[in-house]
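S.K.: Produce the complete structure using the sequences and hints provided.
These protein sequence lines are chains F and D, in that order.
All the letters of the first sequence, read from the start, carry residue numbers -1 to 168 under the numbering used here.
All the letters of the second sequence, read from the start, carry residue numbers -1 to 168 under the numbering used here.
For the record, the hints were derived by calculation from the structure and aren't laboratory data.
Please note that a few of the clues may not be correct.
Per the computed footprint, the stretches of chain F lying under chain D, defined by three or more beta-carbons under 8 Å from a beta-carbon of chain D, are [what the hints assert, rightly or not]:
1) 36 to 46
2) 105 to 118
3) 147 to 155
Where is the CB? At the ideal position from N, CA and C, for every residue including glycine.
Number of protein chains: 2
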Amino acid sequence: MHYYLAVRQFARTLRILDTLLEKATKHAEARKFDVNNFCAMRLFPDMLPFLVQVRIACDTAKATAANISGKEAPTHEDTETTVPELRARIAKCLAYLDTFTAADFERTRPDTLVRLPNRPGKAIAADEYLWGRQIPNFYFHVTTAYDLLRHGGVELGKSDYLGPLAFVDV
Amino acid sequence: MHYYLAVRQFARTLRILDTLLEKATKHAEARKFDVNNFCAMRLFPDMLPFLVQVRIACDTAKATAANISGKEAPTHEDTETTVPELRARIAKCLAYLDTFTAADFERTRPDTLVRLPNRPGKAIAADEYLWGRQIPNFYFHVTTAYDLLRHGGVELGKSDYLGPLAFVDV
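M.R.: Right under this line is the structure:
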């Protein structure tokens, strides 16, 4: 069931995002600046700041799980202003994602119409929603958060973003 | 069959990436600078330049289709130095992806071991490969290419990255 796989992978990547924030915190400590300075960073003046990139990554994962399974997502208020608060937001989102099991997506078919709370009167087929919107959108915001940290000098590499992978000997 | 869905979505996003390059070209013309100046841009000195972000996006899509279906991917030489050449690289990758059908992935199971040409002696389960590596990696490079264009002043927004979505009235 690929809907559940997607939600589990989003959770995995949010855990990775949390480790990126932890590394940014250590980097800032070592360089003796306030890690929260990252929160307002943007790659261009009309782009969203780091803080919002992290929030939207969380909300995209949360909305995917809720909307595809036909549940109502909890509201997570946008009150964070610091990196520790962003890490708490990630933890709150992960706790929600961890309530899901494969059974929650058993009745969903590729053409099941998914209703979005922020688009009254509109719906989208589950597969189009997952593949065409939620997956690209989720990785957009995680990657842009990563890019902002890299742009700001945090020592990260691709393996930090991908995380460990289960290769086997053959 | 989510393997085929992934490949089709990668193709869709590569077409979107091509439109981003087209918009960058028009932007550069209007501002009277050489669009190829984007090719060497990086968000930090030890990150890969724009040119390589686009190449790896293409190669990730190509490798996903080939490796999961057990085919040998064609070699696309890394010879591009200009934006028009990058667009030709995208077109070449799309032509390859368009040779695939759902039938190419029919025998692949979640735990089918996928061998990677650049990792001799190693293999990875098809689902781990797709969800844990190829999907996050593909969108990483497309998003970083987008971020570099935005950072360089090209007028783009999220809807340019996501492309049109098939919402219906309910």
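S.K.: All hints are to be evaluated individually against the structure, with a verdict given for each.
M.R.: Results of checking the hints against the structure:
no., hint, verdict
1, 36 to 46, "holds (count 3)"
2, 105 to 118, "holds (count 3)"
3, 147 to 155, "holds (count 3)"
Violated hints for the displayed structure: none, as all numbered hints are satisfied.
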